[in-house]
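Participant: Sequence:
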Amino acid sequence: MTPSFDIAVIGATGTVGETLVQVLEERDFPIANLHLLASSESAGHSVPFRGKNVRVREVDEFDFSKVQLAFFAAGPAVTLSFAPRATAANCAVIDLAGALPSTQAPNVVPEANAQVLVGLPKPVQLSSPSAAATALAVALAPLQDLLDIQRVSLTASLAISSQGREAVSELARQTAELLNVRPLEPRFFDRQVAFNLLAQVGTPDAQGHTLLEKRLVRELREVLGQPLLKISVTCIQAPVFFGDSYSVTLQSGADVDLAAVNAALEAAPGLELVEAGDYPTAVGDAVGQDVVYVGRVRSGIDDAAELNLWLTSDNVRKGAALNAVQLAELLIKDLL
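When we follow the UniProt record's numbering, the leftmost residue of the sequence shown carries the number 1, and every step to the right adds one.
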């Protein structure tokens with residue numbers, strides 16, 4: 001018989017947490033007992049799982065010795081508060097908040113660097129990278145053997161859901177106010193986001209870079225195994241509920257073989273290559289799907305060593321929940 005495991009999901013009432021529970025059910029993860037945990041404000045709510053409604057309890061009161069694996073999907077502060085308790089109870093940890101140092105909990109994308117899991121000490125601690133780093137790693141990993149990638153230039157158009165339910169509600173409210181010709185009152189954001197693009201996601205530092213942009217660079221270098229890779233990134237806030245989109249330019253050390261690039265992308269796990277002349281969109285293709293879509297594969301206008309790509313991915317599902325569950329599937333094979 002296949003062994004089953006007792007699992008905890010912290011942040012179970014959030015957008016990512018609920019999707020994570022859904023993915024666990026869809027992929028028939030071998031769960032004996034599922035413990036759903038959240039803050040005191042969310043305790044008492046229920047989340048559907050395998051035909052039943054599982055009640056959410058307070059994380060403060062939970063005994064982590066009851067489970068073998070805990071997903072942390074509730075923000076950095078929660079991970080920093082409770083992950084040490086989990087590991088002290090010999091519970092494996094998968095953090096989705098980017099709170100733990102990579103020396104303690106390496107960032108892993110199964111399609112790109114699953115080999116990192118070999119030899120990790122128990123209880124295993126892993127980080128599931130940001131949705132942007134996950135999508136980019138899935139797309140760039142199969143190109144590393146083909147291209148001498150010297151620089152990555154990236155514009156990331158991020159969905160509102162990357163900032164949680166409150167941001168989703170804000171976009172919905174602003175949209176309704178504008179469509180009904182009512183005065184707009186920004187609340188979650190400092191200005192109008194509906195029918196608009198915001199040039200930054202988060203507060204920039206003294207050099208003008210946001211925390212998310214710096215996290216993306218750090219995680220992508222780690223997952224690709226290229227600590228010195230030059231990466232320039234701008235994250236913008238798009239008025240889209242779900243689904244991130246990326247304009248990516250790679251600078252190679254030699255001319256790009258487009259036929260070989262297309263063949264590598266088509267064969268790569270976790271990717272869907274859209275045929276030439278067409279292109280994918282977040283709403284029309286990526287939302288609800290388990291792959292990163294790639295289109296508009298082309299060389300530079302005047303530089304044969306430049307490769308341009310268009311990517312889109314469901315930030316909540318593929319970028320966060322699914323990657324975390326795939327890590328758990330790898331863990332239960334050998335490490336738990």
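No lab work stands behind these hints, which were simulated from the structure alone. Do not take every clue at face value.
[What the hints assert, rightly or not] The list that follows gives simulated cross-link-like pairs (lysine-lysine, BS3-like), each with its CA atoms no further than 27 angstroms apart: (1) Lys122 <-> Lys333; (2) Lys122 <-> Lys66; (3) Lys52 <-> Lys66.
Participant: Does lysine 122 pair with lysine 333 here, judged by a C-alpha cut-off of 27 angstroms?
Facilitator: holds (14 angstroms)
Participant: Can you confirm whether the C-alpha distance between lysine 52 and lysine 66 stays at or below 27 angstroms?
Facilitator: holds (21 angstroms)
Participant: Taken at face value, is the distance from the CA of lysine 66 to the CA of lysine 122 at most 27 angstroms?
Facilitator: Holds. Lysine 122 to lysine 66 sits at ~17 angstroms (cutoff 27 angstroms).
The structure shown violates none of the earlier numbered hints.
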